[in-house]
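Going from the sequence shown to our numbering is simple: count from 1 and add 181.
Bear in mind the hints are in silico, worked out from the structure with no lab data behind them.
Using C-beta positions, here's what the derived DEER-type ranges look like:
no.: 1; residue 1: D208; residue 2: T259; range: 39 to 45 Å
no.: 2; residue 1: Y277; residue 2: E241; range: 15 to 21 Å
no.: 3; residue 1: E248; residue 2: N216; range: 17 to 23 Å
In this text the structure is predicted, and so the values were computed from the model without any measurement. Where is the CB? At the ideal position from N, CA and C, for every residue including glycine.
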Amino acid sequence: MWEFTSGIPPFIDRAHNHQLSYSICNDERPEIIRNTPKCYVDLMKRCWDTNPSNRPTITELEHEISEWIRCINKFYETNKDENHIYRVYDVNDKLYDDMLEFVKANKEQTNMEFVKANKEQTNISTIVQTHSQAYHTSRNITEFIVKEDSECLGYIIGD
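All chains should be modelled from the sequences, with the hints used to inform the complete structure.
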């Protein structure tokens with residue numbers, strides 16, 4: 182979820198080794214990106230919970246995110262005329278508030294991008310420095326934690 186708000190994978194600038202695993206086990210998380218809607222941050226933090234039982238299931242994630250998308254699409258469909266903001270009906274108050282957070286964040290992001298584009302007309306891409314030991318595929322972490330005889334052993338969750 183964090184990658185959607187930042188545009189880059191988390192911890193891309195660090196080696197993906199036992200030390201990073203240990204840091205994550207000790208609650209290290211990527212820094213929350215500015216203007217990320219609070220409802221999105223709250224859901225992302227639930228996914229980061231150190232207790233797997235407290236994390237949402239993929240079904241719960243899909244449902245919540247789909248509801249946000251449905252409401253946001255309905256908002257923009259209802260408010261094609263940007264001169265007036267019309268209330269979107271058929272959504273509960275919490276979902277409506279969540280939707281407004283996304284709309285507000287989108288406006289702020291658009292404004293920031295416009296200002297940035299005016300300042301940097303020649304450079305339209307961002308260069309990201311990737312650590313040489315940052316992996317982008319899944320690996321069996323248990324094997325290299327055991328090899329390292331690390332403090333992470335206390336964090337291994339059985340099947």
